[in-house]
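Make a model of the complete structure from these sequences and hints.
2 protein chains.
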Amino acid sequence: ELLQHTVHFLNAKSLQGQHWVVTAGPTVEAIDPVRYLANRSSGKMGYAIAEMASKAGAEVTLVSGPVSLDVPFGVNCFKVESAEAMLRKVQETLRDDSVFVACAAVADYKPKTVATEKMKKSGDEGLTIELSQNPDILKWVAGETSAFCVGFAAETQNVSDYAKSKMERKGITMICANDVSRDDIGFSCDHNELLVFYREQNITKEQRIGPASKVKVAEQLIELIHQVRPS
Amino acid sequence: ELLQHTVHFLNAKSLQGQHWVVTAGPTVEAIDPVRYLANRSSGKMGYAIAEMASKAGAEVTLVSGPVSLDVPFGVNCFKVESAEAMLRKVQETLRDDSVFVACAAVADYKPKTVATEKMKKSGDEGLTIELSQNPDILKWVAGETSAFCVGFAAETQNVSDYAKSKMERKGITMICANDVSRDDIGFSCDHNELLVFYREQNITKEQRIGPASKVKVAEQLIELIHQVRPS
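Quick note, the sequences are listed as chains A and B, same order. So our numbering is basically just the index in the first sequence, starting at one, shifted up by 89. So our numbering is basically just the index in the second sequence, starting at one, shifted up by 89.
Don't read these hints as lab results, they were simulated from the structure. Do not rely on the hints blindly, as some may be mistaken.
Note that identical chains are pooled: a pair holds if it fits in a single copy or bridges any two copies.
In the BS3-like style, the derived pairs of lysine-lysine whose C-alpha atoms are separated by at most 30 Å in a straight line are [to be verified]: (1) K144 - K201; (2) K228 - K207; (3) K209 - K255; (4) K201 - K168; (5) K255 - K228; (6) K255 - K168; (7) K305 - K201.
Take a look at the structure:
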């Protein structure tokens with residue numbers, strides 16, 4: 090019944106006139122021309138959200154790290170590598186009335202210096218990489234724009250607690266927690282289960298979506314965003 | 090003419106009765122359940138070599154890091170993540186009369202410790218990751234077995250010099266250098282150009298293959314290996 094309802098919601102083009110910016114996939118932080126630091130992320134959840142929001146009538150901009158997925162029909166996609174490049178593209182494309190869905194697994198840290206030539210291994214010794222913090226894209230959007238922000242928290246333990254404290258810290262209204270330590274709904278899976286926390290009239294509410302295919306989860310999340318977002 | 094010749098070579102099943110082990114793709118070294126360290130590599134060159142060696146009649150084992158490519162028909166493929174797992178699978182599958190083509194972009198370094206839970210960012214501070222050296226798969230095969238070893242050297246500068254010194258250091262007979270700083274033949278490209286160095290009767294010889302599609306380059310490299318390898 091919920092499924093029937095969602096299909097109706099998508100067909101009714103309920104998001105017509107809205108602009109959505111969705112980030113997806115990992116960011117890749119170069120150490121040198123060959124080596125890099127990254128986060129695990131197939132991009133499937135973000136691409137499904139972009140596709141379904143577009144089907145529901147929204148104008149969708151997808152800002153994607155390196156993944157091997159086809160760009161959904163009708164979606165305007167920008168490919169980026171680093172967190173800094175992702176932030177710049179979000180800043181360029183976001184409008185004050187956009188919905189911002191931060192589904193990308195942005196690297197928190199990047200190497201302090203990037204070698205321009207491939208580093209050579211020397212002897213049997215180890216190596217130390219100094220990292221500095223990347224810009225916080227979601228925090229920037231929440232703080233500097235009036236876009237409606239939806240965050241994601243991929244956690245391996247204390248999933249609910251970490252997600253709720255991330256929602257506070259970033260100053261956002263909605264966060265989707267998923268437990269990536271589980272084999273059935275983790276990285277690269279076609280299925281997902283989200284525990285969504287959101288604030289309405291100063292009350293934190295909780296809604297479970299799935300387990301279901303990432304496309305079905307995307308549909309139901311989009312509908313929930315549409316309900317919760319002040320219009 | 091060379092192409093015609095190569096097609097004939099493949100059709101003649103010239104590698105019948107041979108066993109080839111090919112490594113391909115990057116290795117991925119976990120920092121925690123979400124973050125990892127890796128090398129850029131699409132796996133296309135290694136997969137093309139595995140496919141073409143199989144077409145030429147060899148029994149082919151492909152040991153592949155995480156890539157998004159289909160396993161070529163007739164090839165026995167094992168998927169691995171870390172350099173250590175790749176080494177173990179090579180040790181399990183290699184025979185003393187195998188041809189070993191080390192096309193994978195194996196990470197030289199791995200984190201000294203792997204966190205079992207996702208590390209949390211704290212404050213605005215940086216982070217230091219201590220790395221130790223990974224096992225050297227090619228050096229192990231060259232030193233501990235009598236397999237015929239073909240190495241790859243992806244370089245961004247002094248390509249020939251680095252490749253030749255790598256051939257010495259690893260104790261192998263043949264090495265394929267490619268310049269990954271070039272846009273036309275670098276990472277993820279469907280085309281490649283190799284500068285192959287090999288030793289025959291204590292003389293180092295040099296042969297350029299390509300630029301051509303990775304499949305064509307694979308065909309010609311396989312034929313060169315077949316010529317150079319003592320039978």
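K255 and K168: within-copy, between-copy, both or neither at 30 Å Cα | Close inside one copy (26 Å), not across copies (35 Å); limit 30 Å.
Within, between, both or neither, where K305 and K201 count as close if Cα-Cα is 30 Å or less = Answer is neither: 40 Å inside a copy and 40 Å across each miss the 30 Å cutoff.
Is the C-alpha distance from K209 to K255 at most 30 Å within one copy, between copies, in both cases, or in neither?
-> between (39 Å within a copy, 11 Å between copies)
Identical-chain pair category, K201 with K168, by Cα at 30 Å = within (23 Å within a copy, 32 Å between copies)
With identical chains treated as interchangeable, where does the CA-CA distance between K255 and K228 reach 30 Å or less: within a copy, between copies, both, or neither?
-> Within one copy only: 10 Å inside, 46 Å across.
Could you place K144 and K201 in one of the four classes (within, between, both, neither) given a Cα distance threshold of 30 Å?
-> Intra 41 Å, inter 47 Å, cutoff 30 Å: neither.
Tell me, please, which holds for K228 and K207 at an alpha-carbon limit of 30 Å: within, between, both or neither?
-> For K228 and K207, only the inter-copy Cα distance (20 Å) is at most 30 Å; the intra-copy one is 34 Å.
Hints 1, 7, counting from the list given before, are not met by this structure.
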